[in-house]
Structures are given as structure tokens and as C-alpha cells.
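**Q** Just need the whole structure built from these sequences, with the hints factored in.
Order-wise, the sequence lines are chains Z and S. Those letters in the first sequence? Residues 1 to 44, by my numbering. Those letters in the second sequence? Residues 1 to 512, by my numbering.
Wrong hints could be hidden among the right ones.
Said to hold, decoys possible - Now the stretches of chain Z that chain S is said to cover, found in silico as 3 or more residues with beta-carbon under 8 Å:
id, segment
1, 18-31
2, 35-44
As the list claims (entries may be wrong) - Chain S residues, not near chain Z, derived (Cβ > 10 Å throughout):
id, residue
3, Leu31
4, Leu47
5, Glu75
6, Val110
7, Met213
8, Glu244
9, Thr341
10, Glu373
11, Val388
12, Glu405
13, Phe470
14, Glu493
Unchecked claim - Simulated restraints, written as ranges between beta carbons of each label pair:
id, chain 1, residue 1, chain 2, residue 2, range
15, S, Thr28, Z, Phe4, 34 to 44 Å
16, S, Leu362, Z, Pro31, 37 to 47 Å
17, S, Gly384, Z, Phe37, 33 to 43 Å
Simulated from the structure, these hints should not be mistaken for laboratory data. The C-beta atom is built at its ideal place from N, Cα and C for all residues, glycine as well.
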Amino acid sequence: MSVFENKKYILIGDRDGIPGESLRAVVEHIPGSEVVFATTECFV
Amino acid sequence: MAKAVLKGAGYSLIHTPNFLEHLGTTQTTELKTNPNSEYIKTLKQNLRSYEDVLNYLPNQVYIGNLHPDELKKYERPFCIAEYKNGTRYGQFGEIMPEDEFILLIKCADVFNLVLLEELFLNNTLEVYKKHPLTTENEIKQLEGKGSELTEIENAVNNGAEGIYFANKLVGCVKKAHDIDQNLSSHVMIENLIVKASATVALKHLLAQNKVDMESIGYLIECSEEACGDMNQRGGGNFAKAIAEMTGIKNAGGCDIRAFCAAPTHTLIHAASLVESGIYDHVVVVAGGASAKLGMNGRDHVKKGYPILEDVLGSFALLISKDDGVSPRIRTDIIGTHKVGTGSSPQVVIKSLVEEPLYRNNLKIKDVDKYSVEMQNPDLTSLAGAGDVPLANYKMIAALAVMNKEIERSDIMDFTEIHGMTGWAPTQGHIPSGVPYCGHLYNELTTNTNINRAMIIGKGSLFLARMTNLFDGISVVVERNTGQKESTSVSKEEIQKLIAEAMKDFASSLLGK
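**A** Here's what the structure looks like:
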């Protein structure tokens, strides 16, 4: 079991890096994970 | 059909520390939610002077006084550089001070919504009369049009948006309707700022005398604001308003909106209108975003630097029929981020860079310069958002590695050779691909080793809460060889077409 399993996630993506939805797509494959909030921020 | 060309570019910045305080959403939000914060208390002392803004290296690159490569010679952040040669005017435009710009906001107002205090107006007008691009019409709109301060104060107390200079109230913008939120004083000042700032860049473009103003057939405005009323928010039309203010009488126009990617979308639209023969000359123009002033200011101050997002940006590009000299816009080499593309950085870059190049038998390294989102890295790095252009170049280089065009060890060399250090203010659409067009014109019309560039625009559609899709579009611009493109069909091609038609006809007779 990895440290990422069975955790709740707050995901903050960057529009010029990894978007929140891409982070969500990865995290949702982790056993027992729950995405509580995912967003993408724009700094420009 | 002959390709359209990039014939000229005008760029302007406007130093606006007072608008930063009163219109920048970071500041106005902080004032509402945390009015006693250290950021608000020390805001004024963290603002830069006009001289500091002139001597800020990225700003001098923006108006064409320095080549982008000059930035590589300096340590970052650029705001600590001991550079004192900054000037107001450059090859592409100017860095305008706030007081003179306030006069242009009044010139932009055709519904008597803007009041300026009499003494401020008169004194500033005397200075503005010496500007090389001041028009008689502007002077006529301003002379004797001052208001009493008490009238302005009363208007502000009744909901007008104050206009400040040197921390004093010097004017206001009144609401344009009693209850319509889209015509509120706040929306009106934002929109008048777009109109007025776009005009500054457009006047500089026209001053380059590359086109007779009467022969401009169309303008397209591509900023991020929306003008309209409660029945059609964003109805438009900034473009015709800007053309009218600038005295371009024979042009039609419209607005295109696509967040930060809009300028590249618009560049392609303009090139298509010219290439198809509909218009000989089309102008792409955009004003600045007052809401984004000081957007990352809290982080700049936390790191011990002044608030660096203190300028509005604007630009104007002239797209014309082929003159045999100006860089050609390759509308056949366009990369489109499609609905089904996805939003990971890898697939975005594939769709914008790899797909159009490979489709045209070009390699990623065949593009000499990539103009991505050319945000000045001071502004984003100090806010923890990294160096945006460099991140884009690394992604393009990584794609070249995956496609075995270059070795992994060559990634940094690739970013150095095919990339540039960013210099544009974080004004949304302003940094997106197009800041390079002025320098690109110079590179592609003189003896340099740059022959082909790609302009890339990217946009964050999720901000409108309509879709989570990403957006992006790219186009290649090339040195003009002066050779006319073949527009006729050869004898061999005609013979082939007839043979195919005969074959089809014969097949139909045989019932196949």
C-alpha cells in the first residue's frame, strides 16, 4: 500500500503546468482515494 | 491564393499605479475581505515610479528598444538590474504615463460619462499637446471640458468609479444606466480603458506609415473584456469604436473572444480575410486588462520586490496582402487544439506543434523561433508559478526528444536556440504569442538566421465555467522569398483531372 492510498485529495492544478482535471484523472486510479476538490488556477 | 503578410506591429504599455490600486481585482478583493492587511496598508509604498517602469528591461523589449536576447545578459529578477537607459518611445510604440492616459479615457467616452477635474485636465493637456501623435480632434474633445471637483466627488458618492492620479481624485466614470450591471460605472471604466489603450498602440502602428489609413478594410479586437448591456453582455463592438476613435473611416470590424488565445485566433482570422481577397489590409488590435493589474502583487511584495504588474498592455498588428517583403503567414500550417484533444501539456503541445509541422513535412527543430506565451518570468516566478515560456519550450523540446529529433541531453540547448526569455506583462491576452510579432518582422526582413517562427496562443476556458476544455492555436510565419505563389493549374494537372473524370464516367457506364 502506498502513502497515496485511502486519502482525501484537494487538487490544485496550474493552467501552465498540470491542470486540475489531469491530476484528478491520475488520483482517481489510486485505491481508496477521494477527490474532495479539484481546480485549475490561472496566474497570468 | 497568395498568402497574407505581417506588415507591421505597434505596442504600448501604460503605467497605471492608481488604476492598479482601484481596479486590480487582487487589490479590490483584498480591500473587501481583509482591509487591514499588511498588503493594503503598504500598497502605495510598494508601487513603482514611472522612471522605474521605463528602466524595467522587459518593458523596453516590449516597445522595441531592446532585442529579446538582451534579457539573457541580466540576472533575474530584472527589477534589480542597474539599467538606466529606458526611454518613453521605442520602435514599436511607447510607455505612456498615467496622467496622459487619463485624458485618452475621456477622449474614448462618447456618452458624457467621464468627468475630469478642470485643473488636472488643463495642466495635463498642455503636456499631452507635445505628444507626437496627439490629434486636433483629441484636443478639441478636451479643451474647456473640465469639471468642478465637487461635481466629481458627488458623482463618486453616487456610484461613479473614481479616477485617481498621484493618489488624488481627479475624475470619475459615471454609470451608463440606472440598474444595468453591464453598464455600471465599474464595467464602463474597464471598457473605456480597453478602448483608449488599444488606440495608443494602433496610433503607433499607423505612424509607421506602412499603410494608408483609408485602405484598412477591417479591424478585429481581441482583448478579454466584454461590452454590451443587460440584454447582450459582450455584444461588442470594441473594434469599430477603436477604429472610430483613431479616425479609420473605411473599415468595418468585429470582436473575437477566446481568452488569452484570442490574439492568435484573430491573427489567423485576419490572414484568412486577406488571403481570400476580401480585404487588402486588416488590423488585429487589443487593449489592456485593468482587472489584472497587480494580479500577483501580494507575492511580489512578500518576496521583497515592488508590485511589478503595474502596466496595461496593448498591441496592434497590420495584416496585408503579399508585398513580396513582409513575413508570410502560413495559413496552411495551423495547429488546432480540438475538443477531443485533451488537456494534458503533452497532448496540447502535440496538437499545436507536432501535428501541423509533421503534416507539412517539417520537423520541430525546423522552426527557428517559437513565440509561446511570452510572460515576463519576474511576474510569475516570484508568484511561484514558474517561468512560463521556459516551461513551454521544455515541453516542445521533450516532444522533439520523444520523436527522436534531438537527444535528451540537447533539451536545454533547444530551449536556448528556439526559445526566448519572456518580456510581456501578465495581461492575459497580451503576452500570448503576439508580443514577438514586432521583433519577428525585424528578424524576417533582415539578414538573420531566423527564417521561420511559430506563434502559439493558449487559453484557459475553464475560467468562464462553461467547459473544462483547454484551448490553443498556432500558426507559422515565414521569411518572404518574394516569389509569387503559383495560383494556376498546370497542363499536366488538367490532363490528370480529365483522365480521372473520364475513368469515373466509364465506370458509371459499366454500372460499377
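**Q** With d taken as the least Cβ-Cβ distance between S:Leu47 and chain Z, does d exceed 10 Å?
**A** holds, 20 Å
**Q** Closer than 8 Å Cβ to Cβ for three or more residues is the test here. Does the segment 18-31 of chain Z pass it with chain S?
**A** holds (count 4)
**Q** Measuring Cβ to Cβ, find out whether S:Glu244 lies farther than 10 Å from everything in chain Z.
**A** holds, 31 Å
**Q** Report holds if the minimum CB distance from S:Glu493 to chain Z is greater than 10 Å, and violated otherwise.
**A** S:Glu493 is indeed farther than 10 Å from all Cβ atoms of chain Z, at 46 Å.
**Q** Taking C-beta pairs only, is S:Thr341 more than 10 Å away from all of chain Z?
**A** holds, 13 Å
**Q** Indicate whether the distance between the beta carbons of S:Gly384 and Z:Phe37 respects the range 33 to 43 Å.
**A** violated, 19 Å
**Q** Is the hinted range of 34 to 44 Å satisfied by the C-beta distance from S:Thr28 to Z:Phe4?
**A** The hinted range 34 to 44 Å holds for S:Thr28 and Z:Phe4, with Cβ atoms some 39 Å apart.
**Q** Per the stated criterion, does the least C-beta distance between S:Val110 and chain Z lie above 10 Å, as a non-interface residue requires?
**A** holds, 32 Å
**Q** Find the nearest Cβ of chain Z to the Cβ of S:Glu75 and say whether that gap is larger than 10 Å.
**A** The assertion about S:Glu75 holds, with a minimum of 22 Å to chain Z.
**Q** Against chain Z, does S:Phe470 keep a CB gap of more than 10 Å to every residue?
**A** Given a closest Cβ separation of 7 Å, the condition is violated.
**Q** Is it correct that the beta-carbon of S:Leu31 has no partner in chain Z closer than or equal to 10 Å?
**A** About 21 Å separates S:Leu31 from the closest Cβ of chain Z, which puts it past 10 Å; holds.
**Q** When I compare C-beta atoms, does the segment 35-44 of chain Z have three or more residues closer than 8 Å to chain S?
**A** The restraint on the segment 35-44 of chain Z holds, since 4 of its residues have a Cβ under 8 Å from chain S and three suffice.
The structure does not agree with the numbered hints 10, 11, 13, 17 stated previously, though it agrees with the rest.
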